[in-house]
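Residue numbers (numbering that gives the first Met the number 0), protein chains in the order written: chain S, 0 to 255; chain L, 0 to 256; chain P, 0 to 346.
Hints listed in this document are in silico derivations from the structure and should not be mistaken for laboratory results. Here a beta-carbon is modelled for each residue, glycine too, at the ideal position from N, C-alpha and C. Hints should not be assumed to be uniformly reliable.
[What the hints assert, rightly or not] So, partial list: chain P residues that the calculated Cβ filter (under 7 Å) puts toward chain L: (1) GLY36; (2) GLU72; (3) VAL73; (4) ALA84; (5) SER87; (6) ASP177; (7) ASN248; (8) GLY270; (9) GLU274; (10) ALA278.
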Amino acid sequence: MQHRIRLRAWTLLSVALLIAAWLILTWGGLVRDLFLPPPDELWDGFVDLATDGYRNRTLLEHVEASLWRIGAGFATGTVVGTLLGLAMGYWRPVEALFAPFVEFLRPLPQLAYLMLLIIWLGIGETSKIILLFLAALPVSAVAARDGVRNVRLQSILVARSLGASEWQVFRHVVLPSALPEIFAGARIAIGVVYGTLIAAEIIAGSSGIGWMILDAGRFLRSDYVFVGILSIGLMGLALNGALVALEARIVHWAGR
Amino acid sequence: MTDSRSYRWLSVLSVAGFFGAWYVVNAAHLAPANLLPSMQEVWAALLDILHNGYRGTTLWENAAATLGRCLGGFVLAAIVGVPLGLWMGRSPVLAASIDYILQFMRPLPPLSYLILLILWLGTGDTSKVALLFLAAFPTIAMAAMAGVRGVNRQRIQAALACGATRAQVFRHVVLPSCLPMTMTGLRIALAVTFSTVVAAELMTASNGLGWMVFSASQFLRTDIVLLGVLILGVLGMALSRALLSLDLWLVHWRGRD
Amino acid sequence: MTTIDMSANRRTLLKAGLGLGGAALLGTIPRRARAAGPDKINIAFFTETSPSAIAKGNGWIEDVTKAKINWIEVGSGAEINTAVAAGSVDLGIGIGSAPTAAGLSQGIGYQVVYIRDNIGPAEELTVRTAANIKKPSDLIGKKVATPFGSTSHFRLLGFLKTNGLTQHQVTVLDLRPDALVAAWQRGDIDAAYVWAPAKSKLLAAGGEVFRTYDKLEAAGYVIADLIVARTAFAQQYPETLVEILKAENRALDVWTSTPDKAADIIAKQAGVTPEVARADLLEYDFVAPKRQLEPKWLGTPGHPGRFAEVLQSTAKFLAEQKSIRSVPDLAVFQKGINTAPLGQALV
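Build the full structure now, drawing on both the sequences and the hints.
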């Protein structure tokens, strides 16, 4: 317990040092506000964004717009990806059919095909969500496939010899052992979706935290850019935390 | 389960099917030509670029620029991230002081701080490599840290009890057990770096495959855009395959315990 | 006024302070030999159909400066602002007046040394003929796209404001010119405020011009493309700057005297056909160097012209839009215009 408190103290010390460095750099006049906004400007910027808003929307509304897109893209991408991955792991022919596309899509930079999505799907929400969907899908597919692959052959054989049907084997042996990897994949997927958010909001933006950062960046409004980065970073932490909590509830047997 | 090789023909078939569908869509005029360039057009664009280059740059030059940035950022991140992560795994104090910064940085979309990096580091390759470094570094460090933390304490104690030195314990017990996790982290980080490299070329670049794609979209040259996407996809596949082989070779004991 | 150029020390401090240790390893700070002219000049440029492309394409800048030119392609004035602030661009060719007004307000250390063109009707509102938009209020409920942060964006917002329209009535979308053309062809938008070649593509695909520029210019919404020079560069190498402006003047002469020849060279640089290049070029009012020194535009050293007021009123508008924090005095904009090099280039 005492050990923990001591570690917490180190964290606080490091935060304090970081803030002190920021104060010295900005208020000490070593760096102009254009490069790094001082605390008072950052606070003013935050208050202004939160109350008056940026381009007709408040900070909260921008966050909401982004969260909605992330949620939609992540949910559809992981559900479809996981189902596809399970099938790929379980049936070799399915894997052979889809693997080339999944492997092609996975490392493909989303920004590269942004233009194609715009001309094919337009500038509305659809193309934004499809972009996030395409970012999440291959990651979860690969995770689910590997999860199924790593199931011990022995357990399956034992279950079969005990007379379990194919479905029962899948439901009671394969799925539970694959779940930890599926969740690990989901966490990577949300990271990828998150990292793609700004790319998605380049498409005809007028809302979204990512678009706000880009637009404010155009005029070097570092105060807004920093408020945006802080919000997007905290949002990311919260999302990751939520996923970890969910994982702990569902996959309580992991590691045992 | 059957050997995966026996289904290879299915993969070939599905890829062929994809190209076949593409051909049919264009040949039967199912999609407007300005929305989907035909395979012949993309092929012609490839030949043209191989022959004449794209706006004064050759394809090799662009591919080399992109790969160079990508590997530069990745290797730097690995050089800094792996030792730091290993150290963080061993030192709770260091972990407590740095962990929250990594946690915060990891999910940040790189595009959100691109403009700041250009502002701080200029328009050259420094800011681009720094962007890729920052995109890859937290993932690598956190994976290495998790790897060290996952080492079985009993094994360390057993080794020490048998008279192993600290260096020997690190070399023969700690390193082998945290290597799989670290390698996985490196593979994820490489994927992150590769998908970020195009973002790095979004602003103030004058070469690179990402630049080529953006520049071509400025003129609505969808054939070149599609060509760029295909090249990037194949390159990305090759890179992740290469790292996967390295992983399998280095961590040959993976899955066996 | 604070200088923007960060010294080597400050750079290192900043990086260390932000924990960019790894990146710091890569950072190199260029050191210039104190000779008469620079060894290397960093020039930011747009890929566009303008006479500047002749000077670039023919290698004139390299010839007159005898320096290595590092051509940095940018997609927006914002990138030039960022790059000048970072100290990695010495000269920005073709930056719009809106980003320049923002840059000067934010204390970015550069000066306007040249007005390349008065944009006039070259950037204009284009509406879909089928949407039957005849008067400003017809835009209510419609989607209008424009690249945010550009001179066109500034004009469009000015148009809405002077006609009493709000952004709740008219949806204004942020689209780059290429994406804008794609969205238009798909029928996603009904109107757009943009420049050539995107504009000509819209006109060719069922669009018509909705004239706004004359009334907007009368109301003070003048927009122009400029050349800016980093202040420290202009002070250190005044002769080099004069030579570059001379080359720019020569390029303009090529266009006015032999338009066909000019269009050929420019087309090759911009990746379009000579016909397209020529049509685009005809839209712009390239301000002859002598005219630039008149009181209506830049003025002369000691006698600042009215363009400083244009920049200030642009900045005021941008501040209302929250794009910049505050607007400095007129004197800042007057100091931000340096007509000495152009005057010498004409001697």
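A quick look at each hint next to the structure:
| no. | hint | result |
| --- | --- | --- |
| 1 | GLY36 | violated, 22 Å |
| 2 | GLU72 | holds, 5 Å |
| 3 | VAL73 | holds, 6 Å |
| 4 | ALA84 | holds, 6 Å |
| 5 | SER87 | holds, 3 Å |
| 6 | ASP177 | holds, 5 Å |
| 7 | ASN248 | violated, 25 Å |
| 8 | GLY270 | holds, 6 Å |
| 9 | GLU274 | violated, 15 Å |
| 10 | ALA278 | violated, 15 Å |
The structure fails hints 1, 7, 9 and 10 (numbered hints given earlier, in ascending order).
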